[in-house]
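Taken in sequence, the protein lines are chains A and B.
For the first sequence, numbering that gives the first Met the number 0 assigns the number 0 to the initial residue and increments by one for each residue that follows.
For the second sequence, numbering that gives the first Met the number 0 assigns the number 0 to the initial residue and increments by one for each residue that follows.
Just so you know, the hints here were simulated from the structure itself, not pulled from any lab data.
All the pointers check out, no bait thrown in.
Here are the computed lysine-lysine pairs in the DSS-like style, where the Cα-Cα straight-line distance is at most 25 angstroms:
id : chain 1 : residue 1 : chain 2 : residue 2
1  : A       : LYS131    : B       : LYS350
2  : A       : LYS131    : B       : LYS332
3  : B       : LYS350    : A       : LYS140
4  : A       : LYS71     : B       : LYS216
5  : B       : LYS216    : A       : LYS55
6  : B       : LYS340    : A       : LYS114
7  : B       : LYS220    : A       : LYS114
8  : B       : LYS347    : A       : LYS140
9  : A       : LYS118    : B       : LYS347
10 : B       : LYS340    : A       : LYS140
11 : B       : LYS340    : A       : LYS131
12 : A       : LYS118    : B       : LYS340
13 : B       : LYS216    : A       : LYS118
14 : B       : LYS332    : A       : LYS118
15 : A       : LYS55     : A       : LYS22
16 : B       : LYS332    : A       : LYS114
17 : B       : LYS216    : A       : LYS131
18 : B       : LYS220    : A       : LYS118
19 : A       : LYS140    : B       : LYS332
20 : A       : LYS71     : B       : LYS220
21 : A       : LYS131    : B       : LYS347
22 : A       : LYS114    : B       : LYS216
Owing to the predicted nature of the structure, the values given are computational and were not obtained by experimental measurement.
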Amino acid sequence: MRTPILKVGDVTKTFGGLVALDKVRLDIQERLITMLIGPNGSGKTTLINVVTGFYKPDNGRVFFRGIDITGKPPHEVYRLGLVRTFQIPLPFQRLTVLENLLAAYRGNPGESILKAPLKMAWREAEEEAVDKAFEIMEHLKLTHLWNSRAYALSGGQMKLLEIGRALMSGATMIMMDEPIAGINPALAHEIFEHMQNLRDKIGVTFLVIEHRLEIALKYTDYVYALANGKLVAEGRPEAVMADSRVIESYLGEAM
Amino acid sequence: MVLDQLYAITPLVTTLLTFYSVYLILALSLNLIYGYCGVPNFGHVFFQSVGAYVAGNLTANVMNFMFLGGGNICEIATAEARRNLALANPAIAMGFFILSLAVGILVGGFFGYIASYPALRLKEDYLAITLIFIGEIGRIIARNEASIACGLVGLTGIPNPFIWVGDPNLSLIIYTIMAVIIAAIIFVYLQRLSNSPFGRLLKSVRDDEIAAASLGKDIAKARGWAMILGSSIAAVAGVLKVFYAQGVFADDYIPLTTFVVLSMVILGGMANNRGVILGALLITLLDFLVAPSFFRLIGVEIQFDITYIKYIITGIVIITVLLFRPQGIIPEKPVETIGLKIARQNIKREKNET
Numbered sequence: 000m001r002t003p004i005l006k007v008g009d010v011t012k013t014f015g016g017l018v019a020l021d022k023v024r025l026d027i028q029e030r031l032i033t034m035l036i037g038p039n040g041s042g043k044t045t046l047i048n049v050v051t052g053f054y055k056p057d058n059g060r061v062f063f064r065g066i067d068i069t070g071k072p073p074h075e076v077y078r079l080g081l082v083r084t085f086q087i088p089l090p091f092q093r094l095t096v097l098e099n100l101l102a103a104y105r106g107n108p109g110e111s112i113l114k115a116p117l118k119m120a121w122r123e124a125e126e127e128a129v130d131k132a133f134e135i136m137e138h139l140k141l142t143h144l145w146n147s148r149a150y151a152l153s154g155g156q157m158k159l160l161e162i163g164r165a166l167m168s169g170a171t172m173i174m175m176d177e178p179i180a181g182i183n184p185a186l187a188h189e190i191f192e193h194m195q196n197l198r199d200k201i202g203v204t205f206l207v208i209e210h211r212l213e214i215a216l217k218y219t220d221y222v223y224a225l226a227n228g229k230l231v232a233e234g235r236p237e238a239v240m241a242d243s244r245v246i247e248s249y250l251g252e253a254m
Numbered sequence: 000m001v002l003d004q005l006y007a008i009t010p011l012v013t014t015l016l017t018f019y020s021v022y023l024i025l026a027l028s029l030n031l032i033y034g035y036c037g038v039p040n041f042g043h044v045f046f047q048s049v050g051a052y053v054a055g056n057l058t059a060n061v062m063n064f065m066f067l068g069g070g071n072i073c074e075i076a077t078a079e080a081r082r083n084l085a086l087a088n089p090a091i092a093m094g095f096f097i098l099s100l101a102v103g104i105l106v107g108g109f110f111g112y113i114a115s116y117p118a119l120r121l122k123e124d125y126l127a128i129t130l131i132f133i134g135e136i137g138r139i140i141a142r143n144e145a146s147i148a149c150g151l152v153g154l155t156g157i158p159n160p161f162i163w164v165g166d167p168n169l170s171l172i173i174y175t176i177m178a179v180i181i182a183a184i185i186f187v188y189l190q191r192l193s194n195s196p197f198g199r200l201l202k203s204v205r206d207d208e209i210a211a212a213s214l215g216k217d218i219a220k221a222r223g224w225a226m227i228l229g230s231s232i233a234a235v236a237g238v239l240k241v242f243y244a245q246g247v248f249a250d251d252y253i254p255l256t257t258f259v260v261l262s263m264v265i266l267g268g269m270a271n272n273r274g275v276i277l278g279a280l281l282i283t284l285l286d287f288l289v290a291p292s293f294f295r296l297i298g299v300e301i302q303f304d305i306t307y308i309k310y311i312i313t314g315i316v317i318i319t320v321l322l323f324r325p326q327g328i329i330p331e332k333p334v335e336t337i338g339l340k341i342a343r344q345n346i347k348r349e350k351n352e353t
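Isolated chain A (complex conformation):
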């Protein structure tokens, strides 16, 4: 087995008396789409919050690309290339699709107030950013919308734009919280196809929380199932779905 890009080692997180995560262990392989499933309250979002630095775990360690990121603040985790998207998309409403992507570009010297009026100081970075933005729009089939304001996009397009911004900022791994919640089936399939595409062509790693398994599972390489804060199963999608503990966690125990 290759070394995992993200390693979660026996992470425990409690809120008062509630054990939200109980010694959870994940090994996320690079260039795969891994899914995190489990009924509501099983600890999925808490796990993402712990990994991206929004929560500090009580116990256990998190490694990204071999670097210990346990308890690091979100912006530092972000700088390493591990980016999350939110359940509700947060685009820059009055900016165009292109501008949304350009705004996410990292380290443009033109964002400095002193250099901004001197075009020469940021021209090169800006050109690179535009090329990259068009490449990303091409991948996400957003090119025809390059000059549309974000508020005019549909919910699904906004989710794609969020993925685009994460890529633009140089993410190598994207953690997505319910990317297809509230999205019609056709576009939901499309969003997962885009993710496959990005995985194959650019080598992006995805960790996805999703409830709509009927759509998501066929795009998934590997599944972790959580129930009551514990890891109950892992493996190929078909194997995990056949696992009695997973079925029990969703439907309740057999009489």
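Guided by the hints, dock chain B onto chain A, whose structure is given.
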């Protein structure tokens, strides 16, 4: 005959143009803070007043101390002495203007930095209320504490930097040309600044600060810079007004001024500097045309106080714009960088290929 008439209306024209420049500078700087960065700085007039107090206080005190052997800055005699000093010494007259401009910019920026402290911690409405009151507190202190600008009486004897040319109208004309040039320079600078990745950064902070933060943007820094820069530019407007009016009066800097300036920004188009030029022009013209002085000029006698008509018209204009064209006359445009040009070329090339 015609020349005589032209000569007679010169002060009216220079006043119109100078006040337009002052308002334009205020509106452009408010547009940077509110239109681009989304900070509802409804206390903008305060930062203009900071420039005004610096110009008046610094000029009067230093002139008195260095050249006139001290004396109370508020006395008519010293005001007269300062005028005479500037009449006789072009270098002193212009030097104090330049010094005031430089110090005004610094002090205005400093107060902008202080005001960015609540701007980082409060949300829209609360922040707007806080900033209005910061401005009002400043005005109330200035009108009651004589050492700032002679309180209610006002500080006079701040000489026009071109007073030494002799003809008062000529000095007004030269001053006006300079004011217009300063406003133009500020426009060009802000245009370049906002059509850059920095302008895009401000807009992204305005549109969604959580998203901007999650993309590694320093929200505090972006807001802080917008406040510092916008406030120091507003201070320039204060300095310009003082040296034209040749005095500082605390009660000129009431909250209404901020809202007149805000109406220019809303009318012209938020986050669009060209729109602000138009909005400032329209409101300044309205201010000029619906005024007793203009009606006296065209020989019409009016039996009531026309000033209130002006407020009513301004109110109707704002409500109409907000109802039917909330984006303003010239709406916001994407940040015009080299990137946008490349993007257009890319798209054109692709269309040609297919």
